[in-house]
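Residue numbers (UniProt numbering), protein chains in the order written: chain A, 1 to 550; chain B, 1 to 269.
Among the clues, some could well be false.
Calculated lysine-lysine pairs in the PhoX-like style (CA-CA distance at most 20 Å, straight line) [as the list claims (entries may be wrong)]:
| # | chain 1 | residue 1 | chain 2 | residue 2 |
| --- | --- | --- | --- | --- |
| 1 | B | 264 | A | 34 |
| 2 | B | 265 | A | 242 |
| 3 | A | 247 | A | 137 |
| 4 | B | 265 | A | 261 |
| 5 | A | 235 | A | 261 |
| 6 | A | 34 | B | 265 |
| 7 | A | 242 | B | 264 |
| 8 | A | 247 | A | 34 |
| 9 | B | 118 | B | 108 |
| 10 | A | 261 | B | 264 |
Across the chosen pairs, the derived CB separations fall in these ranges [said to hold, decoys possible]:
| # | chain 1 | residue 1 | chain 2 | residue 2 | range |
| --- | --- | --- | --- | --- | --- |
| 11 | A | 249 | B | 232 | 42 to 48 Å |
| 12 | B | 106 | A | 186 | 48 to 54 Å |
| 13 | B | 157 | A | 151 | 32 to 38 Å |
| 14 | A | 317 | B | 56 | 50 to 56 Å |
| 15 | B | 100 | A | 84 | 43 to 49 Å |
| 16 | A | 65 | B | 205 | 40 to 46 Å |
Hints are computed from structural coordinates only; laboratory data are not their basis. This one's a predicted model, so the numbers in the text were calculated from it and none came from an experiment. We put the beta carbon where it would ideally sit given N, CA and C, even for glycine.
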Amino acid sequence: MSDLRTVPNAVAGPSTFLDDRLGGANFLKRNLRKIFPDHWSFLLGEIALYSFVILLLTGTFLTFWFKPSMMEVAYDGSYAPLHGVMMSEAYASSLEISFDVRGGLLIRQMHHWSALLFVAGMTVHMLRVFFTGAYRKPREINWIIGVLLLTLALAEGLTGYSLPDDLLSGAGLRITEGVAISLPLVGTYITFFLFGGEYPGEDVISRFYSLHILLIPGILLALISAHMVLMWVQKHTQMPGKGRDNKNVVGAPFYPAFMAKAGAYFLFTLATVAGLATFTQINPIWLFGPYTPADVSAGSQPDFYMGFLEGALRIMVPWEINLFGTSHAGTLPLSVIIPALVPMGIIMTGLALYPFLERWVTGDNREHHIADRPRNNPHRTSIGMSAITFYGVLWLLGANDEISANFHISLNVTTYAGRVLIFLAPALAYLITYRMCLGLQRSDAAVISHGVESGVIKRLPHGEFIEVHTPPAEDIEAHVRGKEPVAMLPVAEDPTGIPPKGMRGPVGRLRARMSKAYGGEKIQLDDGHGHGHGDDQAALERSDDRSLTH
Amino acid sequence: MTRITAWRRHPLARYAVLILALALVGMVYAAFFQAGKPADAALAAGKVDDVAEGKSLFVQHCSSCHGMNAQGTTTAPTLVGVGAAAVDFQMSTGRMPAANPGPQAPRKPQAPWVDETKIRQIAAYVQSLGGGPQVPGQEYVDPKLGDAGKGGELFRANCIQCHNWAGAGGALTQGKYAPNLNSATPTQIYEAMVTGPQAMPVFNDTTITPEEKRSMIAYITQVREQKDPGGFGLGRIGPVTEGLVAWVVGLSVLALAAIWITAKKRQKS
Numbered sequence: 001m002s003d004l005r006t007v008p009n010a011v012a013g014p015s016t017f018l019d020d021r022l023g024g025a026n027f028l029k030r031n032l033r034k035i036f037p038d039h040w041s042f043l044l045g046e047i048a049l050y051s052f053v054i055l056l057l058t059g060t061f062l063t064f065w066f067k068p069s070m071m072e073v074a075y076d077g078s079y080a081p082l083h084g085v086m087m088s089e090a091y092a093s094s095l096e097i098s099f100d101v102r103g104g105l106l107i108r109q110m111h112h113w114s115a116l117l118f119v120a121g122m123t124v125h126m127l128r129v130f131f132t133g134a135y136r137k138p139r140e141i142n143w144i145i146g147v148l149l150l151t152l153a154l155a156e157g158l159t160g161y162s163l164p165d166d167l168l169s170g171a172g173l174r175i176t177e178g179v180a181i182s183l184p185l186v187g188t189y190i191t192f193f194l195f196g197g198e199y200p201g202e203d204v205i206s207r208f209y210s211l212h213i214l215l216i217p218g219i220l221l222a223l224i225s226a227h228m229v230l231m232w233v234q235k236h237t238q239m240p241g242k243g244r245d246n247k248n249v250v251g252a253p254f255y256p257a258f259m260a261k262a263g264a265y266f267l268f269t270l271a272t273v274a275g276l277a278t279f280t281q282i283n284p285i286w287l288f289g290p291y292t293p294a295d296v297s298a299g300s301q302p303d304f305y306m307g308f309l310e311g312a313l314r315i316m317v318p319w320e321i322n323l324f325g326t327s328h329a330g331t332l333p334l335s336v337i338i339p340a341l342v343p344m345g346i347i348m349t350g351l352a353l354y355p356f357l358e359r360w361v362t363g364d365n366r367e368h369h370i371a372d373r374p375r376n377n378p379h380r381t382s383i384g385m386s387a388i389t390f391y392g393v394l395w396l397l398g399a400n401d402e403i404s405a406n407f408h409i410s411l412n413v414t415t416y417a418g419r420v421l422i423f424l425a426p427a428l429a430y431l432i433t434y435r436m437c438l439g440l441q442r443s444d445a446a447v448i449s450h451g452v453e454s455g456v457i458k459r460l461p462h463g464e465f466i467e468v469h470t471p472p473a474e475d476i477e478a479h480v481r482g483k484e485p486v487a488m489l490p491v492a493e494d495p496t497g498i499p500p501k502g503m504r505g506p507v508g509r510l511r512a513r514m515s516k517a518y519g520g521e522k523i524q525l526d527d528g529h530g531h532g533h534g535d536d537q538a539a540l541e542r543s544d545d546r547s548l549t550h
Numbered sequence: 001m002t003r004i005t006a007w008r009r010h011p012l013a014r015y016a017v018l019i020l021a022l023a024l025v026g027m028v029y030a031a032f033f034q035a036g037k038p039a040d041a042a043l044a045a046g047k048v049d050d051v052a053e054g055k056s057l058f059v060q061h062c063s064s065c066h067g068m069n070a071q072g073t074t075t076a077p078t079l080v081g082v083g084a085a086a087v088d089f090q091m092s093t094g095r096m097p098a099a100n101p102g103p104q105a106p107r108k109p110q111a112p113w114v115d116e117t118k119i120r121q122i123a124a125y126v127q128s129l130g131g132g133p134q135v136p137g138q139e140y141v142d143p144k145l146g147d148a149g150k151g152g153e154l155f156r157a158n159c160i161q162c163h164n165w166a167g168a169g170g171a172l173t174q175g176k177y178a179p180n181l182n183s184a185t186p187t188q189i190y191e192a193m194v195t196g197p198q199a200m201p202v203f204n205d206t207t208i209t210p211e212e213k214r215s216m217i218a219y220i221t222q223v224r225e226q227k228d229p230g231g232f233g234l235g236r237i238g239p240v241t242e243g244l245v246a247w248v249v250g251l252s253v254l255a256l257a258a259i260w261i262t263a264k265k266r267q268k269s
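With the rest of the complex left out, here is chain A (with noise of 0.2 Å):
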């Protein structure tokens, strides 16, 4: 191949004219060496990525055989438990997918799988990006895309999984329209357009399926787009290191090293949704039955995105409003709306919000490239622990009649606990976080001022025994060395003990002391490793401590 150092005239030929008229050469020579860090975390809104092309191509094949219509036809098709039984063409079309029509099982067990690995996906990619700081300056509009894309998968996931017209997805449906007429002054109206009269109408499914495979991933076409466009042209961040800094970013070209893990991801992705789709059922809807609003059964869950506001609605108290003492006047549902509205504001809000509320807590205008260690910054972590608590805590809940049913627990239990652990959980997950954070970060101290446990045991020669400690690989001590302090605003008062300009009202000293306390540098890392034993001996001795585990 050594010899080959001319472009054969089969590939110049054909790229010269292509180049001669579209002029791409130059734009692909910038990007194709556009260099990407190498970071496994950086690859999990990949997974999120790909599953969304997969959901595109399978869907579509979906498509081809569903008829979006509520139309009552007898099944005469071959699942046999259900023969004579009347049903809607949405779901009798559905079983034929299931059941007559080659390979649309396998199909649409990926297009639920890769559902559920999408929406999963943008979550741990979400949580990385929260945990590394990444939606700093200048990346809070790249953030705020993700968060709206998130939303938006919940409505696809919610329009997708009702399309089938089951009993499993006619309960979601019935939660949704209580939800809607829950609404005040609004409700009636919102619910009667919705489902074009009274529930369930004939209407929703065709608009369920207009809203599923057109309009919501349009728009999430579109955002992902602006997503990785604006990715790019910010470039990706990167973890603290060696030669890493904020002004340049140290990885692999796109060409030809990432596209090839891009790429290889890709097959890694379709692997596993076509792995989990071969040997695991995914919502089997023939066991469901045909959805009438009469029936509803045990264990009717929504897919595991919209767990957490199930679970809202299962320990909420039964609180309502009559108002003026009674329901002809108006009922204000709170045992409804309070579960479906304030959960996902706070998460949602406050996702959105955060890198702003950030900013004006420490004042912090730079620009960031690199990425935070999740420890560097304790109440950031902390935060999004307790977030995170918060979440899983509805989540677990919503399957809580599957946990008291498998576990024998008794169900008034679990919702009771429910209702103490929404508020005790996040709070204990704040303070455990906070001093697990203190920790790591002095047990990098500890690695940066006395170096590694070696192993090696010496003996001194006045007969004392100490372990050798050597200092830490370079890498790692780079790595570790990236920290650096939580921005904060200058909050000293000056030496008549007058506050700083915009920190005097009410307001101005709340945000002086959040910034104290969420800015600066908890843990000091030492300059070098000038510290030999000599230190270590000293502190022996005056702890009284001969241990050699040190």
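Take the given structure of chain A and dock chain B to it, following the hints.
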């Protein structure tokens, strides 16, 4: 007019006669009809011994909770009127004799002394106490004679609220639960419907006719014998296990793949 004649013509005499006659009829009825009926039924079925034998088994194994005459105590309900079907259901599924008092007696292997004959004997005794639903004949529970499609509709309308769409079971309040239906025999399913064991309501023959019950049994047995066409069924409890698999299997595999891919660094030349 003799004294007797005077009594006979007393204005209250006709009432006295009436009361005497009623009392006499009642006594005759109590003496022959009421006592004789179970004995007759048992005699006709050749089960006189069953009742006696059943009573002695009952006294040994059941009376500590249900009372010496099955009249019920504070720990267990009366068995007068529950019928042979209830005994057969509770004992053949191992629920009775109960191991310990709790919100609900679980299905368990039968006690070592229990066998079909003993169940029949105790059932005969309990049946003799006050009637009630009988153990159904084979023709009422044969899944082959039922219409699964019709049965499925009835199953979805009446059973799945507690037992889940595939009969996988579900939770009820205060530690009670609807068990899964996978190990229940057709006879047991029928008996459960007519007797309403534990937390379950009774679906008597006016609510759901015996033919409809047979169709429901056909649906339940067909669905539970069906091989899941989509692969491993994940307990047939729906999105909870699916979500768990998506996260634990799907996402873990992909995270490992990501770690593996990025661990491959270009060799320095």
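Within 32 to 38 Å or not, the Cβ separation of residue 157 (chain B) and residue 151 (chain A)? The hinted range 32 to 38 Å holds for residue 157 (chain B) and residue 151 (chain A), with Cβ atoms some 37 Å apart.
Hinted pair residue 265 (chain B) and residue 261 (chain A), Cα distance within 20 Å: 11 Å, holds
Could one say that the CB atoms of residue 100 (chain B) and residue 84 (chain A) fall in the range 43 to 49 Å? 46 Å, holds
Okay, residue 65 (chain A) versus residue 205 (chain B) on CB: inside 40 to 46 Å? 43 Å, holds
Is 48 to 54 Å respected by the C-beta to C-beta distance linking residue 106 (chain B) and residue 186 (chain A)? 49 Å, holds
If you check the beta carbons of residue 317 (chain A) and residue 56 (chain B), does the distance land in 50 to 56 Å? 54 Å, holds
Does residue 108 (chain B) lie within 20 Å of residue 118 (chain B) when you go C-alpha to C-alpha? Distance of about 17 Å is within 20 Å: holds.
Verify the proposed pairing of residue 242 (chain A) with residue 264 (chain B), using a straight-line Cα cut of 20 Å. 18 Å, holds
Hint consistency between residue 247 (chain A) and residue 137 (chain A) [alpha-carbon to alpha-carbon, up to 20 Å]: 14 Å, holds
Verify the proposed pairing of residue 247 (chain A) with residue 34 (chain A), using a straight-line Cα cut of 20 Å. 15 Å, holds
Between residue 235 (chain A) and residue 261 (chain A), is the straight-line Cα distance small enough, at 20 Å or below? Roughly 17 Å between the alpha carbons, so the hint for residue 235 (chain A) and residue 261 (chain A) holds.
Residue 261 (chain A) and residue 264 (chain B) were given as a pair; does the straight-line alpha-carbon distance stay at or below 20 Å? Roughly 9 Å between the alpha carbons, so the hint for residue 261 (chain A) and residue 264 (chain B) holds.
Of the hints listed earlier, there is not a single one the structure fails to meet.
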